[in-house]
Structure formats: C-alpha cells, structure tokens
Amino acid sequence: MNVKYNTEDKLLVLELTEEIDHHSTEKIRRRADYEIQRHMPRKAIFDFNGVTFMDSAGIGMVIGRYKMVSMLGGKVSMINVKPSVKKVFEMSGILKIIPIEECA
Amino acid sequence: MKDITENEMSLEFLSKSNNEAFARVTVAAFVSQLDPTIEELSDIKTAVSEAVTNCIIHGYEDTQGIIKIKCKIFAGSVHIEISDNGKGIKDIEEAKAPLFTTKPNLERSGMGFTIMESFMDDMQVESIVGLGTKVTMKKLIRCKDELCTNTTE
Ligand SMILES: Nc1ncnc2c1ncn2[C@@H]1O[C@H](COP(=O)(O)OP(=O)(O)OP(=O)(O)O)[C@@H](O)[C@H]1O
Ligand SMILES: [Mg+2]
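Keeping their order, the protein sequence lines are chains A and B. Oh and the first sequence: position 83 is 83 in the numbering used here, straight run, nothing missing. Oh and the second sequence: position 97 is 97 in the numbering used here, straight run, nothing missing.
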C-alpha cells in the first residue's frame, strides 16, 4: 500500500496495490489504521487502481476504516474501482455511505 | 462438429490464509479451458475465495485442517465442490441470509454466501455440526464460438 498525505487539505490517499482477501486485509488494516490515527484526515480516499481482485473481506475492511475516520470527523470515498471489484461492493449496499468518486 | 469437453481435477491443501489466492487462481486456470469471459472468470474466483475463506475462518477457526476442492467441467458448465472437516453450521438458512455473520468482531460483513449465490448459477450448502461443511456451486460458461451450439441441454 502506498500512502499520500496532503497536510493542507488534510487529505489522506491510501493506494491499494494488491488483491484484497482475508489474507491480505490483515496487513492493509494495520497500515491504514496507523495512518488514519497519525493524520486524523478530514478526508480519506481509497485508491483501488492497483486492485484486480477483491472478495467480501474488502467490504468489512472498508467499513472498518470508515467507522474510524467518521469517528474522527472525516469522510471516506473510493476511486478507480474496477468493474469486478465494484460488483462486490454493489452486493453490500455500502456505496450509499462510502461513494465511488469519478476522480481524485 | 461438437466437442463435448469433460474434465475433472481435485485439490487438497492446508487451511492457511495464504492458500486463498492459490485456490482461486488454480480453479480459474482449470476453468480457462472453457474459454470463459473475464467477468465469468472473475465471478468464479470470487465465489471460490468466499468458500475457501469460510472453511479457514469459520470451519477450522483456530485449528488447522484440510480443505478439498473438486472441480468438474461438463457440458459447458463448471461444477465446484469445496469442503472442510471443521465445526459445521447449525442453521444453514440463517447462515445464508445476507449480513448474517458469527464473526462481526473480525470485520466480516456476512456477505459471503450471498455473493456465492449471486455470482454463480447455483449454490448448495450441506453441513453437519462437528463433521464439516460442503459448498457445491455451478456456473454455465456461455459458448462464444458461433459454430458451437451450446451443449447444456
Ligand atoms: N465452512 C464453514 N464452517 C462453519 N461455519 C460456516 C462455514 N461457512 C460459513 N459458516 C457460517 O455462516 C456464516 C455466514 O457466512 P458468510 O460467508 O455469508 O459470511 P461471513 O463469512 O461471516 O462474512 P464475509 O464472508 O462477508 O466476510 C458465517 O459467519 C459462519 O457462522
Ligand atoms: Mg464468508
């Protein structure tokens, strides 16, 4: 995962770079939580550009981070979500609270 | 000329989480001989990943065991059987309901069975408490060759 933080707009971009499943979410979660607590972003964006596969583990992972960021008063969204990954998110209904944005 | 492709494979591996990717990629490679679309292949990978992950985190929990996958190609469709000898499911109907999970603390969303059901054409669950769980899934792979009138009926 690559992390970018813009101090001025308190914008945290978490670039996911691997397939997302139960195995890989462990590591992603740890790093994302560390960055969120460190920066307390006004907005966190998950960039899915590098994600070619995701199963239901990704739903839980994104919701978990959403809870943490919201508690700190921030917003969460996603960008560059490929059709196969979007299909999994669509099953869950979470796109209503964590939207996919067209561009960063 | 019709060529009815029939083929079969089986796989056994330890319930370690780094085998989740191994399992779905292996099944996808096997299914590739039916010339599926990218979407069909990705649906199958997702469904396999869901079933295998369930064996690992629910079936075997903190113990380790063997996960078996049997995969058959028959009349233009794929049949996949994924089983464990883990703790089993008490109430299958309840388990299959969207959002039902017994592990909310592990950030599970309870969408695994719902995804398997909707990404595949058929999904059945058999389970005996204390003995294990078997998920059987089918998917029809549409034939893209005009000369090949599909062999499913
Ligand atoms: N192989 C299994 N052995 C024992 N229990 C299982 C097995 N598979 C599923 N279950 C039970 O069925 C429930 C629902 O499974 P499902 O895959 O739909 O959701 P989940 O695994 O809890 O969450 P998600 O898949 O969204 O991360 C599980 O919480 C578990 O209690
Ligand atoms: Mg599951």
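Hints were generated in silico from the structure; no laboratory data involved. All of these numbers come straight from a predicted model, not from anything done at the bench. Worth double-checking, as some hints may not be accurate.
Cut-off 16 angstroms, straight-line C-alpha distance, at most; resulting in silico cross-link-like pairs (EDC-like, lysine to aspartate or glutamate) [what the hints assert, rightly or not]:
no., chain 1, residue 1, chain 2, residue 2
1, A, 67, B, 107
2, B, 16, A, 26
3, A, 27, B, 107
4, A, 87, B, 107
5, A, 87, B, 40
6, A, 87, B, 39
7, A, 4, A, 33
8, A, 82, B, 40
Tested hints:
no., hint, result
1, A:67 - B:107, "holds, 11 angstroms"
2, B:16 - A:26, "holds, 14 angstroms"
3, A:27 - B:107, "holds, 14 angstroms"
4, A:87 - B:107, "violated, 19 angstroms"
5, A:87 - B:40, "holds, 12 angstroms"
6, A:87 - B:39, "holds, 10 angstroms"
7, A:4 - A:33, "holds, 14 angstroms"
8, A:82 - B:40, "holds, 15 angstroms"
In summary, the one numbered hint that this structure violates is 4.
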